[in-house]
Amino acid sequence: MTHSSKIKSLFLLILSALVILAVTTTHFKTDISAFFIAGDNSEEILLASEIQSGTLSRRTILSIGSVEKKHPSQGFIKQLTQSLKAIPGVTDVWKADETRDMVKALETLYLPYAAQLYSRSPEADLNALLNPQGLADRAVGLKQALLSPQAVIVKKVAAQDPLLLALNGFKSQFAAFQATQKTLQPYENLILESAHSGMDVPEQTRIQQEIQRIFAEQSKAASADGLRYQLDMTGVPIFAAATQNMIQADVQFISTFSTVVLAVLFFWIFRSLSVFFWVSCLLVAVLSISVLVTDLLFGSIHGIAMAIGGTLAGICVDYPLHALVHAQAVESEHRAKAIISLWPGMLLGGVTTLIGYLALSFSGYPGFQQVAVFAATGILVALLLTRYVLPHLITGITKTYDQQHFTLIWIKFCTRFRPALLTIVLILAGISAYTLSELHWLQDLQQLTPELDYLKVKDAEIRSRMLSIEPGRFVLVSAPDVEAALQKAEQVYQRLDQVKTQGGLGDYFGLYPWILSQQQQTQNAQLLTQKLTPPLQQQWQKALRVNGLSVEHLGQWQYPANQNLSLQQVLKSPIGHLLDNQIIIKPKQTLIIIWLTEHQPEAIQAALADLPHVQYFSQRDLLNKLSVSYQERSQLLLLLGLSAILLVLFIRYRSLWKALETLAPALLSMLILLGIWALSGMPLSFLHLVGFLMVIAICTDYGIFYQENPDGNIRLTYQSIFVSMLTNVGAFGCLNFVNTSTLKTLAVCVMYGLILGFLLCPIMIKHDWEQDRSLENTLKKRKS
Amino acid sequence: MRILISLLLTLLSCNASAKDSLDSVMARMKPTQAISITYQETRTLGLLSDTWKGSGSFYAVLPDIMLKEQLTPEKEIMGIKGAQLYYYHPGNDQKHQSELEDEDAVSFQVAAFKGLMNGDLAFLKTRYALEFTTTASGWSLTLTPKQTNDSETATKMIMRGLPEQVANKLELLLADGDRTEYRLTPALQGAAVKTKVQQLLTVLEAR
Numbered sequence: 041m042t043h044s045s046k047i048k049s050l051f052l053l054i055l056s057a058l059v060i061l062a063v064t065t066t067h068f069k070t071d072i073s074a075f076f077i078a079g080d081n082s083e084e085i086l087l088a089s090e091i092q093s094g095t096l097s098r099r100t101i102l103s104i105g106s107v108e109k110k111h112p113s114q115g116f117i118k119q120l121t122q123s124l125k126a127i128p129g130v131t132d133v134w135k136a137d138e139t140r141d142m143v144k145a146l147e148t149l150y151l152p153y154a155a156q157l158y159s160r161s162p163e164a165d166l167n168a169l170l171n172p173q174g175l176a177d178r179a180v181g182l183k184q185a186l187l188s189p190q191a192v193i194v195k196k197v198a199a200q201d202p203l204l205l206a207l208n209g210f211k212s213q214f215a216a217f218q219a220t221q222k223t224l225q226p227y228e229n230l231i232l233e234s235a236h237s238g239m240d241v242p243e244q245t246r247i248q249q250e251i252q253r254i255f256a257e258q259s260k261a262a263s264a265d266g267l268r269y270q271l272d273m274t275g276v277p278i279f280a281a282a283t284q285n286m287i288q289a290d291v292q293f294i295s296t297f298s299t300v301v302l303a304v305l306f307f308w309i310f311r312s313l314s315v316f317f318w319v320s321c322l323l324v325a326v327l328s329i330s331v332l333v334t335d336l337l338f339g340s341i342h343g344i345a346m347a348i349g350g351t352l353a354g355i356c357v358d359y360p361l362h363a364l365v366h367a368q369a370v371e372s373e374h375r376a377k378a379i380i381s382l383w384p385g386m387l388l389g390g391v392t393t394l395i396g397y398l399a400l401s402f403s404g405y406p407g408f409q410q411v412a413v414f415a416a417t418g419i420l421v422a423l424l425l426t427r428y429v430l431p432h433l434i435t436g437i438t439k440t441y442d443q444q445h446f447t448l449i450w451i452k453f454c455t456r457f458r459p460a461l462l463t464i465v466l467i468l469a470g471i472s473a474y475t476l477s478e479l480h481w482l483q484d485l486q487q488l489t490p491e492l493d494y495l496k497v498k499d500a501e502i503r504s505r506m507l508s509i510e511p512g513r514f515v516l517v518s519a520p521d522v523e524a525a526l527q528k529a530e531q532v533y534q535r536l537d538q539v540k541t542q543g544g545l546g547d548y549f550g551l552y553p554w555i556l557s558q559q560q561q562t563q564n565a566q567l568l569t570q571k572l573t574p575p576l577q578q579q580w581q582k583a584l585r586v587n588g589l590s591v592e593h594l595g596q597w598q599y600p601a602n603q604n605l606s607l608q609q610v611l612k613s614p615i616g617h618l619l620d621n622q623i624i625i626k627p628k629q630t631l632i633i634i635w636l637t638e639h640q641p642e643a644i645q646a647a648l649a650d651l652p653h654v655q656y657f658s659q660r661d662l663l664n665k666l667s668v669s670y671q672e673r674s675q676l677l678l679l680l681g682l683s684a685i686l687l688v689l690f691i692r693y694r695s696l697w698k699a700l701e702t703l704a705p706a707l708l709s710m711l712i713l714l715g716i717w718a719l720s721g722m723p724l725s726f727l728h729l730v731g732f733l734m735v736i737a738i739c740t741d742y743g744i745f746y747q748e749n750p751d752g753n754i755r756l757t758y759q760s761i762f763v764s765m766l767t768n769v770g771a772f773g774c775l776n777f778v779n780t781s782t783l784k785t786l787a788v789c790v791m792y793g794l795i796l797g798f799l800l801c802p803i804m805i806k807h808d809w810e811q812d813r814s815l816e817n818t819l820k821k822r823k824s
Numbered sequence: 073m074r075i076l077i078s079l080l081l082t083l084l085s086c087n088a089s090a091k092d093s094l095d096s097v098m099a100r101m102k103p104t105q106a107i108s109i110t111y112q113e114t115r116t117l118g119l120l121s122d123t124w125k126g127s128g129s130f131y132a133v134l135p136d137i138m139l140k141e142q143l144t145p146e147k148e149i150m151g152i153k154g155a156q157l158y159y160y161h162p163g164n165d166q167k168h169q170s171e172l173e174d175e176d177a178v179s180f181q182v183a184a185f186k187g188l189m190n191g192d193l194a195f196l197k198t199r200y201a202l203e204f205t206t207t208a209s210g211w212s213l214t215l216t217p218k219q220t221n222d223s224e225t226a227t228k229m230i231m232r233g234l235p236e237q238v239a240n241k242l243e244l245l246l247a248d249g250d251r252t253e254y255r256l257t258p259a260l261q262g263a264a265v266k267t268k269v270q271q272l273l274t275v276l277e278a279r
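Residue numbers (our numbering), protein chains in the order written: chain R, 41 to 824; chain E, 73 to 279.
Accuracy of the hints is not assured; some may be wrong.
[Said to hold, decoys possible] Straight-line C-alpha distance at most 25 Å; calculated DSS-like pairs for lysine-lysine:
#1 Lys582/R / Lys125/E
#2 Lys195/R / Lys167/E
#3 Lys118/R / Lys218/E
#4 Lys147/E / Lys125/E
#5 Lys125/E / Lys196/R
#6 Lys144/R / Lys48/R
#7 Lys196/R / Lys612/R
What the hints contain is simulated information worked out from the structure, not anything from laboratory work. The structure presented is a predicted model; accordingly, all values stated were derived computationally and were not measured.
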């Protein structure tokens, strides 16, 4: 076995091990929010993490309606609920407008704590109640309640709490639920909570399939009732599954389609499948190592980082291709030497590309830190493999490269008409620069996934059937512990009450009446004990007599004031699930979420402005604010990255002009593309920035290769650039056929940028024909 | 609850023969058209020092509409339509709507009335212990829920009627000793009742 054969075998062995390791050990994530959301402060970071994997993420909303627009039968809903609860991994299922648990909780949990929880403004409320008129009114109300349909619960409460203090806080809760039930709606909403995170797509997909199966079976059986039931679902698990399925389908398509396209291109260019095989092996090695390193450093790798990083293959393939074209032009024994001669240029290209990606990692998008690590690893590995492994892989391959005449024609054309072409390019660049002010940025991240619009529409439709809470907007209260957070929330309730009175807010849902801070509970109990005096008790007994109520059973006030209700008691009770979407407890931080109905954001923000660690939070606004801040940072970093690349080129060439000349194809192709974008009126997103960065990275390599022209044969050099441009455009062109619009955006940017950059090289970089062997070679050929 | 009772009475307002039996009473239970019946209500509650008295009318339209319009001491309307329970107190402008749950006290009674109205003895026997007795002075049917997880649902309903007479009394007994009694007098039936029921439902269902 020859030395090269041994190296080939060893390489294939190591490659197989790498692929197996990457496939079996890597943890993939697909949640789009995990890629984009980070947050600027600890509250936002904790909340982002909660949205991604907390209780909120584990809930699916099931909306059951009927084709006949009639309210579903309660028997059907009950049976369905029981069956859904039996699905493995489902922890609970309940009706979204459930009030029965509230009533039960009132009886079993809250009655002994009436003295602690009767009010958030005890002084005012007790003053209104504890006077002759107030007590008389309460007695009238008590009698009415005892004779009403609510008599069952009122009897139980009144026996322990004759003043019905325990019911005080719950009035608004019942009213809110009542508001949604004023007319009989043709649907029923269920909440299904799973033990698995909403981002655990395999588990969530299994649960969703089970839900559909059970629903189909039971609705078929129930069709005898005369109703044809329909099921709609929404929630984080639904979006996560849809996103992952879409990305998976795209990845499968791209990997198959682009492989075929590249194989055809390679065969056309090199007339050799073994070249395609070895270059593919190099790329697989580059991607496997990049995945492993990223996974090692971050604990997982995001699907989008993988997809964007995967396009890095387009850059990494440049090095072996560039080497191959030059190596294939000489006999087998001279190939290693030919590749070594290219090393400085390739290294320089690698460094400039690295600068671009490192700049991107500071843009703020959490996912781009992964992309940067992925890219840096990939570039480094691609360079080293091209330099040290590729020469051994191609030693046995015959010289089969078919030269493309188009490249020489274009070089000659550009040389002949360079002044005119330069003028045209500069005019175009000038126009583009002028139109840059017309560029506008995509402000809403949700627009990045129009293919999921059908889910967003369904989500809005289902949520409109529930309580009129605005799901993405709330007040966020943060404190080091539960007690401090509850106290702060109580301050917020007072402010929100004022905004309500002023008409800036419809209603809000905090943790009251379910729980008050220990401080407030103690204060309530103490004040009540002070105010319940014997003369007032006599007044109360008189009021009872007047209304025909039993003094014997209702005339004594016995409100125990020695013990408060704790949050843990509430969370462990059957109504715990009503609260756990409103409080996040971590060892050093507690967040309370106060949901809002229709409101004026400015009024809320103004009312809470002076409360520290209290913020009005809009999920969409946060995302869009982050998006704007990322974009601004990305633009700055792109400029800084370009400056750094220019500096590296200057150091290499010791000439600012030459450095500028090398960078010009990349810079101008990006500028002209931006101009086209501005004139088209299409919004620009961070993905375009990624695309532009790739265009700069790849086209700078073109510029460097063209400028360096290592073996003094510009025709060969330009042909190597042509080959890499063609394979890149082929690979990115495949992205045009996927479902994910974000990938299509990327494809369009990069494809046109690369073609432009390639065409601009002979125009922008002046070539010294005196020292070139191309002409000489051409003449030789003609003579022969 | 009281609505249901009154409905039951309404249904029972058909004539009973001297040889009344459970089967024969059940067979005659189902009304053929919308009916109304006036009532006098007396409640004896542990938390009230005096008995409470009220009066008004019950209305029933098969299969699932039952209404109670209380006229004294103050106006109040309660109704059941399907699985929905409505309540309106014009004096306080109080209006509620809720869904009947299988486990609560009202649902137990609604189920009983529906069973009686539809003559579904088999269903009634699965959920209630039925005790039918006849004496020289009249007949009596007692329904006691078989399963209950709540003392409030341990309601006993007793319907009484004179021999060969319509049912004229309904009693509702709760486990805690509270008791409600209705004395019933048949009133109207037919289209006029249907129109009245529609008017009351419109009031109850209005936002």
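Review point. So which of those numbered hints doesn't the model satisfy?
Key: Of the numbered hints, just 6 does not hold.
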